[in-house]
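Here is how the chains run, residue by residue.
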Amino acid sequence: MIKKALVLSALLAFSAVPAQADPRQDILDQLAVEASAADANFSGFSAARGEKLFRTKFGTGKPATPSCTSCHTESPRNVGETRAGKAIDPVAVSVNPSRFTDPAKVAKWFRRNCKSVIGRECTALEKGDYITFMMTQ
Amino acid sequence: MQSLSEKVRVWDLATRLYHWLQFLLVMGALLIGFFGPEWFLDAHVYAGYGVLALIVFRLVWGFAGSTYSRFSSFIFSPRDILCHVRGVLKGRPSHHLGHNPLGALMVFALIGVLLLMLGSGLVVLGGVENQGPLAGFIGFDLGVRARFVHKVFAYLLVGMIVLHVMGVVLESRLSGFSLVRSMFDGNKPRPDIVHAAGDGFEPAGNADDMAGNAHPLPDVPARTGRAILAVIVSGAVIVGAGVLGSAVPASGFIDLPSNDNYSSECAECHMLYHPSLLPRDSWLKLMANLEDHFGEDASLDDSVTQDIANYLSTYSSEAWDTEAANELRTVDPQKPYEITATPFWKRTHARIDPTIFETRPVLSKGNCAACHWDAESGRFADQKIEIAHGQK
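Those protein sequences? They're chains X and Z, same order as listed.
Going from the first sequence to the numbering used here is simple: count from 1 and add 643.
Going from the second sequence to the numbering used here is simple: count from 1 and add 5.
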């Protein structure tokens with residue numbers, strides 16, 4: 644319990660902007676709470692793991708969507724495309740600062756896209772890693 | 006070279022202009038109707054309006070034109086007609102300066118069939134396409150029936166045009182002068198002079214001949230002023246009725262309020278499908294299956310799902326009388342909510358190169374808006390079709 648609290652306060656301390664003013668950070672904080680609840684050894688999100696999640700061809704979900712890149716393309720900075728041909732705005736935060744700022748939207752799309760691609764919901768760790776990777780892009 | 010005195014001015018300028026404009030517009034409308042792509046509909050319809058204007062003129066001119074343009078100069082008794090047919094069969098038909106009895110029949114028949122085509126065409130336009138002056142009054146079912154009539158008359162018209170041309174060729178052969186030419190310069194040789202020259206033509210006054218118009222008829226001057234007035238008045242009545250009719254909203258459409266949940270949740274991966282494109286049952290099945298939505302998870306909160314399901318079933322195809330709603334109502338039982346699996350969709354899109362659906366900018370059969378500019382309105386007007394339009 645104490646360890647968890649330490650990790651959390653460390654994370655909060657590292658964030659440059661006050662929590663209330665940054666909805667994306669709020670979402671990450673919430674995910675961090677969930678991630679440490681699930682794994683006592685949780686020690687922060689990793690952009691490298693996020694990138695791996697983004698690029699892995701799973702083949703365990705629905706056949707039409709083996710990977711996140713199927714729609715979001717190999718580069719998060721590019722405009723993506725749904726299977727029905729509709730454009731998807733870039734997911735890299737540098738190109739699209741409004742990304743990962745609406746908790747309901749983030750939750751909905753993680754639920755859907757992880758089920759479609761991996762065949763199960765993503766863990767809080769995977770979600771946090773993914774957002775962290777996109778913040779470096 | 007014939008001298009001037011050997012010729013009679015038969016067709017006045019107005020009748021000749023009418024004839025050739027009619028020829029151009031009818032041929033244009035027929036060619037577009039049979040071979041043109043759907044998006045030429047406007048040209049087809051405007052050709053039709055043009056033909057209507059010409060017929061209005063011709064009807065007026067039939068009473069106010071010069072001698073041979075008047076209907077009274079070519080209304081024949083059945084006896085006259087029989088007599089003429091007998092002459093034709095013998096290769097020595099009675100000669101007429103104006104229309105001969107068979108030609109006259111053809112003129113009336115053509116005008117009649119054209120009027121029926123115009124009428125049925127307007128009913129199709131209003132009932133099936135929800136366009137034009139009758140859109141507010143005609144339902145889809147009646148429109149479909151009129152479409153059948155319109156087609157049958159189109160074939161009949163083609164047959165009549167062939168007969169008309171054959172008649173002209175035959176008479177030109179038998180009489181030794183070109184009827185086509187006289188429809189250009191308006192003149193025909195005087196029959197009594199031609200016959201005196203001893204060609205194969207039956208001279209006037211022969212037993213087989215009739216008291217017809219082999220000799221020039223007494224000159225009747227055209228009443229141009231009155232004709233113009235009559236054309237203007239009847240034209241104004243017709244155009245006025247058309248404008249009034251067009252102002253009535255199309256009967257196939259109802260007011261569709263927008264639904265925030267529907268427009269935000271169901272347009273994320275593809276265009277927002279118009280609720281009229283599937284029947285109620287199909288929408289309900291689709292909404293009950295969002296976890297496995299065409300190979301993707303499109304699940305939503307229960308309350309949002311319920312709201313969208315209510316909206317879609319209220320405004321489903323049952324509520325509309327458009328072509329798309331009526332035709333797409335019949336779904337494939339195996340794929341009850343796949344618009345592009347309906348028999349109608351497959352039939353109407355069968356002639357499109359399948360690779361177009363897989364390549365940019367279309368990418369998917371379900372991307373209706375890539376070819377139908379008005380897809381989101383549910384109209385699917387013929388004029389708004391353009392394969393892979395605009396987008397990059």
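Don't take every hint at face value.
Covered stretches of chain X, as calculated for chain Z (at least 3 residues, CB under 8 Å) [what the hints assert, rightly or not]:
(1) 697-710
(2) 717-723
(3) 750-757
These aren't lab readings, by the way, just hints derived from the structure by calculation.
Think of the CB as a built atom: it goes at the ideal place given N, C-alpha and C, for glycine as much as any other residue.
Going through the hints against the structure:
1. 697-710: holds (count 4)
2. 717-723: violated (count 0)
3. 750-757: holds (count 4)
Consistency with the previously given hints fails for number 2 only.
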